[in-house]
Structures are given as structure tokens and as C-alpha cells.
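Protein chains in written order, with this note's numbering: chain A, 1 to 608; chain B, 1 to 219.
Any given hint could turn out to be false.
[Claimed, not checked] Residues on chain B that point at chain A, a partial pick, calculated with CB under 8 Å:
#1 Lys116
#2 Pro203
#3 Val209
[Claimed, not checked] Stretch by stretch, here's where chain B covers chain A in the computed footprint (C-beta under 8 Å, at least three residues):
#4 100-113
#5 438-446
Rather than coming from a laboratory, the hints here were simulated on the basis of the structure.
Every residue gets a Cβ at the ideal spot worked out from N, C-alpha and C, and that includes glycine.
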Amino acid sequence: MNDPTTALVPAPTLAAITGSGVLQLLIYLAVLLALVKPLGWFMARVLEGKAGEAPLGLGRALGWLERGIYALGGVRTDGERRPVETGWKPYAAGILIFNAIGFIAVYALQRLQHVLPANPAGLGAVEARSAFNTAVSFATNTNWQGYGGETTMSYLTQMLGLGVQNFLSAATGIAVLAALIRGLARKSSSTIGNCWVDLTRSTLYILLPLSAVLALALVSQGVVQTFRGPQEVALAVPLSTADGAVVTTQTIPLGPAASQIAIKQLGTNGGGFFNVNSAHPLENPTALSDFLQVLAILVIPAALCWTFGEMVRDRRQGWAVLAAMLAIFVPLLFATYALEAGGNPRVQAIVGVDGESATAPDALIGNMEGKEARFGIAGSARWAATTTAASNGSVNSMHDSYTPLGGLVPMWLMQLGEVVFGGVGSGLYGMLMFVIVAVFVAGLMVGRAPEYLGKKIEPFEMKMAMVCVLVPCAIVLVGTAVAVLIPEGYTTSNPGPHGFSQILYAFSSAGNNNGSAFAGLTANTPFYNIALGLAMWFSRFWIIVPVLAVAGSLAAKRVSPTTSGTLPTHTPVFVLMLVAVVVIVGALTFVPALALGPVVEHLQLVGK
Amino acid sequence: MLTHLRPALILFAILTLITGVVYPFAITGIAQVAFVGKANGSIVTDAAGKPIGSALIGQEFGTSDPASAPGLVKWFWGRPSATGPVPYTALNLATGTGSSGSNLAPTNPALIDSVKARLAALDAADASVGIVRVAPDSTSRATAVPVDLVTASASGLDPHISPAAAEYQVPRVAKARGLTEDAVRDLVRQHTQGRALGVLGEPVVNVLVLNQALDHTSR
């Protein structure tokens, strides 16, 4: 058919990128980097401090609480109030038991919420398999959500179950990272820290104060924070439903949202209070609340790089890792923006694109399906890249409706193993596993024994690092393969290759503890609840245990003196090497799968 | 193993109390004093004190069939909404529905059908007050349609449209209400919010608030 309207449509071009959009991305990066040093310094002081002591007056304010917890819990400190430390095995056992308790608590709260208080909407118990999935999801810092918050979870479940796990799963990430850093920093040591002390101090001194500040800032923008039940309001215009009933009111959901949203972002959890997460106007009402939230997603993972440099007494090492993360993140951030700004050619063919309105400064140009007007293309794309670079998984736009390649980028950022910033703690300990691989590969290339920070990298470390690198890859690909082979997997909402993308995205998200979704996939089914639940559990703890094993093994090693033959790990050459290892593993593993989904869809979209 | 159970349980219990009870209650306490309107959903009331909406949650003003609902052409229309059972359903416990996007893929024929239907509705609304967008001898449009008027928002509750999308509707609203276009345009300008701090986000118009102001003007 010869449709004259198509004559008006230019091919999607980079012209759709606006100066204000680029400026918003640049401001974001600048503010983020400005916070790396002060926050990184602060976190290093917290992780190295004595019991009851913390900088910025926090020790005076909360130190009694910390010491009280140790006294009641039987956590021992020595005469100088230094915690009595353990080796990696007791440390790992403590972390696993602590997280198992968290899992049980969240499961029980969901199953019993109908008989518990703080349930003004009168919601029933959550179905068993959905409750299993959600309990794993929040215990593993994933926050994959098969349910809709406002219609499923009571205020008590949100606060006491989900909100608490937002803190504790993030503290778990920081603790494991702290143990690994100590393993790298120490010589001939049999201990890597005390898990109870690391968990307590991360929660009390890092996550809690930051969350309180952010929560109040969000309320000032209009995020709700109340224990009142839903509020009914009159509609300006009555509506009629398909079966003829007339609707004259709108019910506004409320709840203690701001306190939970603050930690959902800071702890890279991402679980929304409401169904559409941070796209919901009561969860993310303004461009300023959006900026604060998207900043909160990356600020701790980025600053931990500085903490790392500080704790190994060589800040250049922290900068090198941060540089590698930025080298991958920044191009993909701008790519997502450009691809979404380019828009959907099929929609453009209908609405027309003419010179006049395309250049109107206040028009929204690009793929606006599934995006909010107040965030526009730049704000939405910035969030999509950030939330998948970090293992956050909250969304302020619907990734399912992204252009094929615009949606490929977030998916691939997850598939890289959530090491480009990644989760709080987990991103950096994952990246340090890649560093071990990179050091090993570089050692092979130049024919020297591989070393990192003076520690010899031997077969044991290499095996553990490879487990950490390969477990998520295997979970994603095997899970996707199983889902497409059985009828239970086909709960997709979109036809063709995009349906496959929905399944691949789900396992990429669960298998890397991200939690975002191509949300059209109906995932609240027995198959997906169980399959994704197992994927989240294994991808979290089958990495934590090997990481701690590496920490223990490295701590026990002697430090070999630096010689002219030592490969420096703070130089641009090494940064490039590290980037190459991460990208090559991610590309080799996932390009075939991505070709079947987003790439085919893209060819369909631009072809005839 | 058992030596770990005591610290694990104690830590879990106390940290749950702090982060799950003390923290949200403290934030709620401060919020209810410092930001009482915003903490409770930014509810807007009429002169009699009856709640008539949230300043942050959009309402449905459009129609797919102006012949059956001729009264709707006098309103500014907001973003299309993919919520059920009716557009802009923020919470419906009976059907278990609330905020939602369409989640339609860019290649999904259903997306293209909805965009076409929304465009036809806009054209029909314009035609009902005598505005011609597409000349009868042509299929090309005089002006492009702002894309936010024909694509569903992420939340299904988006309270805003772009100023360009408001401008597109100014002639229709003015004709339907017997106002001059400049009078309506002025009102739109008054209700346009610029970027936060001059740089963040996009300029937007709050549709519900604009329509409420419009009713005051033309009453």
C-alpha cells in the first residue's frame, strides 16, 4: 500500500537527541562522581571502625544501640572494642543463616498478613508459590515482583517484611564485600572480619541515615508516607465500564511508601511499593524526586570503589575499577537515550513528524509508549540504563515497550553479571572476581605469574572466580531454554521475537539479582514463581560463598614485593584489559540469544 | 552452626525492629507534621471540602466516540491509560487492578491499532467542533500529533502532558467552550510547569488542574 503519510517520516536519527537531554545525563554523571570520594571515605571509616564508634557523630547517636546488639547477641569484642574476627567459613555460615531467617520471615508475613494488623485494605494471604518467589526475591536483593504491590501486600508486610529485607540484603552485600577487601588487604591472616559486626554497622551507620534523609526529601516532593487506608475521590467526569457500569470515583492508594522507596534505591533493591514502581506518580512525583532516586541507585555502588581503594591503602586501585565500570556504563547510557529518542518508526508513520513540531522545544519526541511525560525520553532512558547497570531493577518507564535495541541495552547490562556498578557490595565483589580473571589472562599473555595487590592468584582463586562468572550465565541461558521448551513458559504478552525477549529478560533479571522485567510477561504462575525463585537464590548465594572462599584464601597469603616485572593494576592498560574481559564474556555468552530476540525484532521494525 | 543462631536471631529481631518499625514510624511522624498534604496523597478538595482528585494522579477526560459523549470535547485530554477496568484506575480491589502500563512491544500490532484509534478519536473530537486536521483529498496531516497524546503512559496514571500536547488541543477546547484561543492559551501557560531547577525533567501541564481551572474561567 502506498501511504503518503510515510513521506513525512524521516528515518530515526540522532537529531532527536536534545541538548537538554544530554545535559541531564551529564549532570547526573557529574553529581554521582562528586559524591564518590566523600561517601567512599565515610564507608571505609564505618567498615574499619571499632564497636560503637562511627564518623559524623553517628557513633554518639547510635553507638549504644550497636553495643547493645552485640551484648544481647553474644558478639564478642576485645579490650579495644575491636570485634573478635573469624575465618571465611564461620563468616559464610553466619551470612547464610541470617539470610535464611530473612527468607522465612518474609514468607511467613505474606502467608499470615490477613490475620495480622496494619492491613487497612483487608488484603488476603499471598498464594504459597508467589510468597516463596517474593521471599527469595527480597532476601537476595533482587526484588523481582510477580505481584502488584497495592493489590497484594499489606502495610505490615511491606514494612516489616519487604522494607526490612531491603536493608538487610543490602547490608549483606556490603559485608561480603568488606570481607573480600580485607582478604586482599591483609597478609598472612587467618581471619576476614566478623559478619555480625559488618551487618550491624552497614545497616546502622550507612543505610539507615542515608535512607532517612532521602525518604524525607521524597515526601517533600509528594511521595506518600501515611498509615491511612486508600482515599476515595470524586471523578471530574464519570466513566462507564465495558459492561455498562458507571464509575464516579477514583480510589487513591496510600501507604508508608517514602521510607521504603528510599532504601529500595539506596540498597539497589528496586522493589516498588506500587505496581508500576517508580513510574507511579505517588512513588516518584517530580523530576527532582526522579533525579534523587536515580542518583541513590548508583551512589553506594560507585562510592564503594573509593572505599575499596581506601581499605587496601592504594586509592588508585579503586579509581581503576571505577574507571572500568564507567567505560562500559557511559556509552550504554547514551546509547539507550539515543535509541529511545529515535522513536518507533511505525508510530511515527501514523502521527506524522513534520519540521515544525519536531523542533518545538516543549514537544516530547521519541518512543513515549510506556513512559511518563514528566521524565521524558532522557529521564526514562537514564533510569533504564542505571537500574540495570546497578542490580536495582526499579523502573520509571516500561522496558517492555522500549524499541528493540533500546531494550537490548538494559538486558545486556544485566547479562554482564551486574558488575558495572551492580548491587550494593555485590557489584564490586563481582567485579573483583572479573579482576582476578583479567589478571590471570594478562599473566598468561605476558608470561608471568598472575598477582593482584601483591597476592598470587593461584588455581583455587581462579576456579572460584570462574564459578562466580559462569553461574549467572548458566542460570540465564538454561532457564530461558527450559522456559521456551515447555508450554508453561509461554505466558508472554507480545507476539514474535519480542515474546522470546520477555522470557530472556526475566531470566537475565532473576539470574543476576536485578529484578526489573519486561512486565507484560505473566510471571505470577507456578512455573515462573518457582523457576525464577530458584534462579535468584542460586545466583546470589552460589556467588557469595565462592567470594568468601577467595577472601579467606587471599587473606592467608603473603604479599610478594613489587618488582619491575609486576603487572600494575591501576593503569589505563589494565582498565582496558578488565573492560575487555567483562565485555567479551558478556558478548560471547549472550549474543546468540540476543540475536533471536531484540535483534530479529529490530530487523522486523526497520524492514518492510 | 548453633553458635551462629543466637547472634543471627538477635540481630535479625533488633534490626527488624529498627528498620521495619522505628524507621517507618519516625519518617511518618515527621512527614505528617512537615508535609501533611503531600504525605497523604496531595488530595485536592472543592470549595465544600469534598475530595475531587489527587494533584499527582491523572483522570480520564478523553473519549473514543465524541458522538456518544459530546460533552468531553470541551476538556483537555491527558495521556492514554492502559489500566483496567477503566482508564486511570489507581486501585480497584474487587478486580485486583491498579497502576499499569500497556507493556505492548513496539512491533505489537495491538500497539499500532491503539495509536490509530486514539488518533481517530482526537480527529473526531476536532471534527465535532469544526476543526479539520486531515484534508479530505489527502491523508497527510497539517501538523504532526504530539506523540504523548496517542501513547499510553507507564503508570496509566500520568497526570501530565507536554505543553505541545496542550497547544494541539487549544483550538478544540476554545471552540467547544466559546472562549478565544488566546484565553485558553493563557490558562495553559499559567499551568505549565518548567523543568525542575531549570534543567531536570520535561516541561509539563497538569491536565486535571488545568481542566478544573478551565471550569472556573468559563463558568
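Run through the hints listed earlier and report the numbers of any the structure violates, in increasing order. 3, 5
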